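The lines below spell out each chain.
2 protein chains.
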Amino acid sequence: MLPAAALVLVVGLNGPSPRLRGGVNGGSRVSRSAVVNAATQQSPAGLGFNSHKPVSDVPDSLCRPDDGNADTQMRQKFERMCRAAQNKICAAIEEIDGTKFREDAWTRDGGGGGITRVLAGGNVFEKAGCSLSVVYGSMPAEALASATERGADRAKGIKPGERVPFFACGLSSVMHPRNPMAPTMHFNYRYFETDGGVWWFGGGTDITPAYLFEEDMRHFHGTYKEVCDKHDPDFYRKFKQWADEYFMIKHRGETRGLGGIFFDDLNDRPAEDIFKFSTECANAVVDAYVPIVAKRKDMEFTDEQKRWQQLRRGRYVEFNLVYDRGTIFGLKTGGRIESILMSLPETTRFEYDHHPVAGTPEAKIMDCFKKPRTWV
Amino acid sequence: MLPAAALVLVVGLNGPSPRLRGGVNGGSRVSRSAVVNAATQQSPAGLGFNSHKPVSDVPDSLCRPDDGNADTQMRQKFERMCRAAQNKICAAIEEIDGTKFREDAWTRDGGGGGITRVLAGGNVFEKAGCSLSVVYGSMPAEALASATERGADRAKGIKPGERVPFFACGLSSVMHPRNPMAPTMHFNYRYFETDGGVWWFGGGTDITPAYLFEEDMRHFHGTYKEVCDKHDPDFYRKFKQWADEYFMIKHRGETRGLGGIFFDDLNDRPAEDIFKFSTECANAVVDAYVPIVAKRKDMEFTDEQKRWQQLRRGRYVEFNLVYDRGTIFGLKTGGRIESILMSLPETTRFEYDHHPVAGTPEAKIMDCFKKPRTWV
Chain X
1 MLPAAALVLV
11 VGLNGPSPRL
21 RGGVNGGSRV
31 SRSAVVNAAT
41 QQSPAGLGFN
51 SHKPVSDVPD
61 SLCRPDDGNA
71 DTQMRQKFER
81 MCRAAQNKIC
91 AAIEEIDGTK
101 FREDAWTRDG
111 GGGGITRVLA
121 GGNVFEKAGC
131 SLSVVYGSMP
141 AEALASATER
151 GADRAKGIKP
161 GERVPFFACG
171 LSSVMHPRNP
181 MAPTMHFNYR
191 YFETDGGVWW
201 FGGGTDITPA
211 YLFEEDMRHF
221 HGTYKEVCDK
231 HDPDFYRKFK
241 QWADEYFMIK
251 HRGETRGLGG
261 IFFDDLNDRP
271 AEDIFKFSTE
281 CANAVVDAYV
291 PIVAKRKDME
301 FTDEQKRWQQ
311 LRRGRYVEFN
321 LVYDRGTIFG
331 LKTGGRIESI
341 LMSLPETTRF
351 EYDHHPVAGT
361 PEAKIMDCFK
371 KPRTWV
Chain D
377 MLPAAALVLV
387 VGLNGPSPRL
397 RGGVNGGSRV
407 SRSAVVNAAT
417 QQSPAGLGFN
427 SHKPVSDVPD
437 SLCRPDDGNA
447 DTQMRQKFER
457 MCRAAQNKIC
467 AAIEEIDGTK
477 FREDAWTRDG
487 GGGGITRVLA
497 GGNVFEKAGC
507 SLSVVYGSMP
517 AEALASATER
527 GADRAKGIKP
537 GERVPFFACG
547 LSSVMHPRNP
557 MAPTMHFNYR
567 YFETDGGVWW
577 FGGGTDITPA
587 YLFEEDMRHF
597 HGTYKEVCDK
607 HDPDFYRKFK
617 QWADEYFMIK
627 HRGETRGLGG
637 IFFDDLNDRP
647 AEDIFKFSTE
657 CANAVVDAYV
667 PIVAKRKDME
677 FTDEQKRWQQ
687 LRRGRYVEFN
697 LVYDRGTIFG
707 LKTGGRIESI
717 LMSLPETTRF
727 EYDHHPVAGT
737 PEAKIMDCFK
747 KPRTWV
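From first to last, the protein sequence lines are chains X and D. Everything in the first sequence is counted per the working numbering, starting at 1 for the first residue and increasing by one. Everything in the second sequence is counted per the working numbering, starting at 377 for the first residue and increasing by one.
By construction, these hints were calculated from the structure, which means they are not laboratory data. Certain hints may be false.
As the list claims (entries may be wrong) - In silico DSBU-like pairs for lysine-lysine, Cα to Cα no more than 35 Å straight-line: (1) X:K306 to X:K88; (2) X:K159 to D:K535; (3) X:K306 to D:K429.
All of these numbers come straight from a predicted model, not from anything done at the bench.
Produce the complete structure using the sequences and hints provided.
In C-alpha cells form, the structure reads like this:
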C-alpha cells in the first residue's frame with residue numbers, strides 16, 4: 001500500500017547491505033560486485049544473515065569514516081541523533097522498569113552496523129527493544145523507482161539494471177508491557193540517502209492498547225499533534241491518517257492498534273527542517289508513552305483480560321510478519337535476524353474465530369480497530 | 377523456492393475465488409468480471425474475506441452440480457476422498473482427546489465452499505484443526521505459468537493477460553498437542569484443475585516435535601515410506617527431500633520440524649494412480665501420528681520444557697506467516713481467514729536471541745533442524 005514507506009522502513013531498520021567497496025565520495029560511488037558467501041546465495045539483495053560482526057566496544061560512529069563532508073554530513077548527524085534518543089529512551093524505560101537493557105552491537109565490512117538493546121523479563125515490561133541500525137546497501141534502480149511515490153526521481157542518474165548504492169540510518173523500537181491495561185508502543189525514525197544524492201526521511205510512533213482509556217489516547221496523540229503542529233499545520237492530520245492506513249491488518253479489516261503518526265518519503269522542504277522534526281518526534285517518545293505506562297502498570301486485571309491482551313499480541317505478530325514490509329524485506333534480504341524480530345511480543349495467543357462479546361470493553365476497543373477514530 | 381508447491385498449497389487450502397459465473401463445461405468456461413464489493417477492492421485476485429456464506433447443513437458436495445461428467449469427475453471424487461479422510465482423522469483425534477471438534481461450513485456464490493473443524497482447549501490437544509476447501513477461482517495466465525515448474529504448459533490455450541479459471545479441492549490440517557513431548561503434525565492433500573484441462577496433485581504430511589524421540593521419527597517417516605514405496609521406489613526419497621527444503625525457515629537456517637513428505641505439480645502418470653497415492657497418504661495420517669501422541673501425551677515435563685515447546689511454536693508461526701505461500705496468498709486474496717489461520721498454535725513465545733545450551737536435548741533437536749537427517 002505504501003511502497004516508499006515499506007522500503008525505507010526496511011533499510012532504516014535492518015535492510016540489505018551488500019558489501020560495497022567502491023569509492024566513497026558522494027555522487028560518484030560505484031558498486032562493485034558483492035562478495036557472495038553461502039548465506040547470501042539465498043538472497044542476492046542482501047548480505048546474508050551472518051554477515052554482521054559482534055563488537056564489544058561500539059565505535060563513536062557506525063558511519064564510514066569519510067561520511068562527514070558537506071555532501072554526506074546528514075549521515076553522521078542522523079546517527080548521533082538516533083544514538084542520543086536511544087540512550088534517553090532506554091534510560092527512561094530502565095527507570096520505570098527497575099531492570100536494565102542488554103546491548104548487542106555489531107559492524108559490517110564496508111561500513112555500517114547496529115546497536116540492539118533488549119530488556120526481557122522486566123518488572124513492567126515483558127519485552128522491550130530499541131535498535132539502531134546503520135546500513136550501506138544497494139538496490140536495483142527499478143526497485144528504487146517503484147519504491148517511492150514520486151517514482152524515477154529517486155533513481156536519477158542510474159540506468160535500468162544498475163544497482164543504486166544507498167545509506168540508511170534508523171532507530172526502531174517496540175515496548176510490550178506485562179499489564180494488559182498498559183499499551184504496547186512502537187516507533188521508528190529513519191534517514192535514507194542514495195549515492196545519486198537524493199534523500200528522504202521517514203518515521204512514526206504508534207500505540208497499541210488492549211484496552212481503551214480515552215485519556216491515554218488523547219495524551220499520546222496530543223503529544224504528537226503538538227510536535228507536528230510546530231512544523232506544519234497539515235502534518236498531524238496527514239500522518240495520523242497514514243498511520244491508520246499503514247497499520248491496517250487487511251485480512252482482519254482491523255488496525256493493529258490505535259495509531260499515532262506515520263510518514264515517509266518526506267523531502268519537500270530543507271533536510272535540516274525535516275531533521276529537526278524527526279528529532280523532536282524521537283524525543284517525544286518518552287513524554288508521549290512513559291506517563292501512560294506509569295499510570296497503568298500496577299492496575300489490577302483478570303485472567304480474561306490477560307487473555308485478551310495475548311490475543312491482541314497475536315494480531316501484532318500477524319501484522320509484523322505478514323504486512324510490515326520492513327520486517328519481511330529484512331527477513332528476506334539478510335538483516336540481523338534477532339534485531340528484526342525483537343519486535344515480536346514474548347507471548348501470544350491465536351484462537352480460532354474469537355470475537356469479543358457485544359458491549360464489553362473488548363468490543364469497544366475492537367470498534368476503534370475496525371473504524372479508526374479521531375482522538376485530538 | 378517452490379512456486380508450484382506454494383500456489384497449489386494456496387488454492388488447495390483457501391485460495392482466491394472470484395465469482396465466476398461463466399459456462400461450466402470443462403475447457404470452455406469463460407471468466408466474467410467478478411462482482412466487486414468493498415472487501416475485494418483490496419485484493420483484486422480474490423473474493424474478499426467476507427464472501428463465504430455460513431451454512432448449517434453441509435451439501436453432499438461442495439462442487440458445482442454439473443462437475444461430474446467425464447471431464448470433471450475427479451473433482452467430486454477428490455472431494456469425497458477428502459471428506460472421508462476428514463471424518464476418519466477427526467474421529468481418531470476426538471477419541472484420543474475425549475472432546476469434540478466444532479464444525480463451521482460455508483458455501484460461495486458460483487460454487488465451492490468448505491468445512492472447517494477445530495478442536496480447541498482439548499485434553500490432549502491445545503488446538504487441532506482439519507479443514508476441507510473447494511475453490512472455483514481464477515488467476516492470471518502469467519501467474520499460472522510461473523507457478524509451476526513446467527512453466528507455460530499449465531496455461532495452454534490461454535493468452536497473456538487472460539485469467540485462467542481453475543478448480544481446487546484440498547484437505548488441510550494442523551494438530552498442536554499440549555504435552556511438549558508430543559509433536560505437532562500438519563498435512564495437506566489437494567487436487568488442482570484448470571478449465572484448460574490441465575491438472576495436478578500436491579500434498580504432504582510433516583511432523584514438528586519439540587523434543588527428539590528417534591523411534592517416533594522412524595515410525596512416522598517409516599509409515600510414509602511404506603505408502604510411497606507401494607507407488608514408486610523414488611517417491612519417498614524425493615518427497616522427503618522436498619519437505620526438508622520447503623519447510624526451511626530461511627532466516628533462521630533451520631527447518632520448522634523434522635519433515636515428512638511433500639510433493640507438488642504431480643501429473644507424470646495417470647490421474648487415477650496419483651489419486652490412489654494421495655488417498656493412501658491421507659489415510660495414513662492416523663497410523664503415522666496418533667500412536668506417537670498416545671505414547672507421549674501423558675509424559676511428565678518441566679516448565680523449561682514447556683517453554684522450549686512454546687519457542688518452537690513461535691518458529692511455527694514465523695514459518696507459516698512468512699514463508700507458507702498458501703497462508704500468505706490466502707491472506708492476500710480473501711480466503712476465509714479463520715480457516716487459513718487455524719494452523720497457528722494457540723500459544724507461542726518469541727525470545728530475543730535464544731540459543732539452546734550445548735549438549736542438551738534442545739540442542740540435540742536443533743542440530744536436526746539445522747541439518748536434516750535421514751530417519752528410515
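Checked hints:
no.: 1; hint: X:K306 to X:K88; result: holds (30 Å)
no.: 2; hint: X:K159 to D:K535; result: holds (32 Å)
no.: 3; hint: X:K306 to D:K429; result: holds (32 Å)
Hint violations for this structure: none, all hints satisfied.
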